[in-house]
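Chemist: With chain A fixed as given, assemble chain B onto it according to the hints.
There are 2 protein chains.
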Amino acid sequence: MAEVGAKAIALDTMGGDHAPREIVRGALRAIEKGIITAPELILVGDRDRVAAELKEAGGATVNLQIVHAPDVIEMDEAPLEALRRKRGASIVVATDLVREKRAGAVVSAGHTGAATACAILRLGTLEGIRRPGIAVTFETLRGKAVLIDVGANVDCKPVHLFQYGLMAHAYSRDVLGIATPRIALLNIGEEEEKGNRLAREAADLFRASGLPFIGNIEGQDIFKGKADVLVCDGFVGNLILKTSEGLGEFMLQIFQRELAAVLLPDQVKALVLKSAAHIDYAEHGGALLLGVDGIVIIGHGRSDERAAASMIRVAKKFVDAEVNRHIVTALGNSKDAPGAQAESSPATNSPA
Amino acid sequence: MAEVGAKAIALDTMGGDHAPREIVRGALRAIEKGIITAPELILVGDRDRVAAELKEAGGATVNLQIVHAPDVIEMDEAPLEALRRKRGASIVVATDLVREKRAGAVVSAGHTGAATACAILRLGTLEGIRRPGIAVTFETLRGKAVLIDVGANVDCKPVHLFQYGLMAHAYSRDVLGIATPRIALLNIGEEEEKGNRLAREAADLFRASGLPFIGNIEGQDIFKGKADVLVCDGFVGNLILKTSEGLGEFMLQIFQRELAAVLLPDQVKALVLKSAAHIDYAEHGGALLLGVDGIVIIGHGRSDERAAASMIRVAKKFVDAEVNRHIVTALGNSKDAPGAQAESSPATNSPA
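Residue numbers (our numbering), protein chains in the order written: chain A, 1 to 352; chain B, 1 to 352.
This is chain A alone, in the form it adopts within the complex (with noise of 0.2 Å):
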């Protein structure tokens, strides 16, 4: 890799409901606040739209790579197709700088599953990785927990639930720095007999392993930072991240109407606020990608200048720990673990 290129992030100006307005928008906000320097920025999406939301943002004089990208994909369109017909799009354009080497990491807020077959079908997936996942960080009682899957795979078979516990493991060792993540799958019990026929087997894998296996962990202990990475399917871990952002609104909603009887207008509006940033998906970053053979952030379709900052801050961060080879590393060294020998070439295995 050019050491220089490697290190740049490729941002998709043109994803998300506010782009590229709020997008533009975070990456003045990402070089103002000294998250990263404008030469380690690329700017991807139209490009006259582009300079025009940098100059009204008062950014024309920031000297930030813009390459262009005559196509989006909307949030409604069949990924799949659309990635067939839009060759032009953002996230194709800024996911083949990582392909080239031109940048270490794409960061999208458009069409998760688009920037996840689109980082699949040009960047292949790590070797040995049958499906990639999407991590999601959050916050619990006890520090911050790893959620994989969160949509990427809605059809698991326990081998991919055992190659994203490994993944997120590695991940949480080595970017967040907890020193021996435990890793728990989702279940319906605690017991090694509950749950559905791939969660059982799945476990079965994990139990295998060399892993720090705890067992099946119950939805309502997923807060309370029993377990640090939480493995489930795709299908289940996107009910779950999106019910909680929802039931997350409804009690912010609550507190207001019970404070609202008992404090002034701006106590209610401060309280509300730091309650929020216990839950604030802008806060943590996005998602990441794990598996595929470079660095992909997706964040919330709802991004605003600030999440779109936090995306930047976050893709700096992985990129700088060098997230992929801890994650191959840790594949090197579970060879003998079950489920890692797989098929040796997936189709979707590196086409570049």
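It is worth saying that the hints were derived from the structure and are not from the lab. Computed from a predicted structure; not experimentally measured. Errors might be hidden in some of the hints.
The list makes no distinction among identical chains, and a pair is therefore deemed to hold if it is satisfied within one copy or across any two copies.
Capping the alpha-carbon separation at 30 Å, the derived lysine-lysine pairs in DSS-like fashion look like this [stated by the list, open to error]:
#, residue 1, residue 2
1, Lys-269, Lys-144
2, Lys-101, Lys-317
3, Lys-224, Lys-7
4, Lys-274, Lys-157
Modeler: This is chain B only, laid out in the frame that chain A set:
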């Protein structure tokens, strides 16, 4: 059905983390509050222990019938094996009161799997129903909604999900009194092609039926009240329910911490309690096992006196509302609906 017997409630006093004490006290509370009359309530459990608890709670003079059950199924037992071994378990004796038409409903805060299996084996399913499902009612920003299944059936087929929707729709309309309940499938996207195979095939069944199906709903929209009946398999539903419970507690703790910095302890306590009421399982009175030939209320293992009284209140309401008559009618009306024909005689159907 005999008029009086079929209206009685059989209370499993031995099930739950705080049984029999809190359950017995819940029974007395329900009578005190006029929720139910003493002759309508049958306490099932170890006669001496129940009598002792009654005495200690000052209820020795209340004319409550106790039906002796020498055994208890513990929370960590495998349900089917335990049911085989412990013929005198309180949940079995209580369920048999319904089977024998001496009661119209059984209420238990004990082992969910045991209560479910016991109901299927001793009461049988309603004719045409393939698998019973557990429904919970909860509060949204726009009123009450029902989530089904939260753990009866972890390896679902599309027809199971379809029947869950049909049953919960009848329940929502005829018991909760929602005029035109909207049914939605929990999924990871609103678009038809989203989700795993199970969700896609179940959606086809709903769309082909005459039921008011509004399509897929994502996790973040559950608490906004976008649908009145939310359908998913028991693995997903249980995780969603439990995760919500855990996140609710997490947020109350956050909230408490933030409030403690600006308010007096008594004010903090009052506000937290008021907020907690909106997500309080004890207020909502347990879950309902839909699809068996009898009314089965399954309470939270942590149920205290107040939760036990709530369960009795809800059971009484269900008995009075004849929830199963409405479901049978709905099933009859949907004979032409896909999947409703099913096998004519599933193995678990009406052993009685």
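Chemist: Each hint needs a verdict: does it hold in this structure or not?
Modeler: Here is what the structure says about each hint:
no.	hint	result
1	Lys-269 to Lys-144	both (26 Å within a copy, 27 Å between copies)
2	Lys-101 to Lys-317	within (17 Å within a copy, 66 Å between copies)
3	Lys-224 to Lys-7	neither (36 Å within a copy, 42 Å between copies)
4	Lys-274 to Lys-157	neither (40 Å within a copy, 44 Å between copies)
In this structure, the hints that do not hold are numbers 3 and 4, in rising order.
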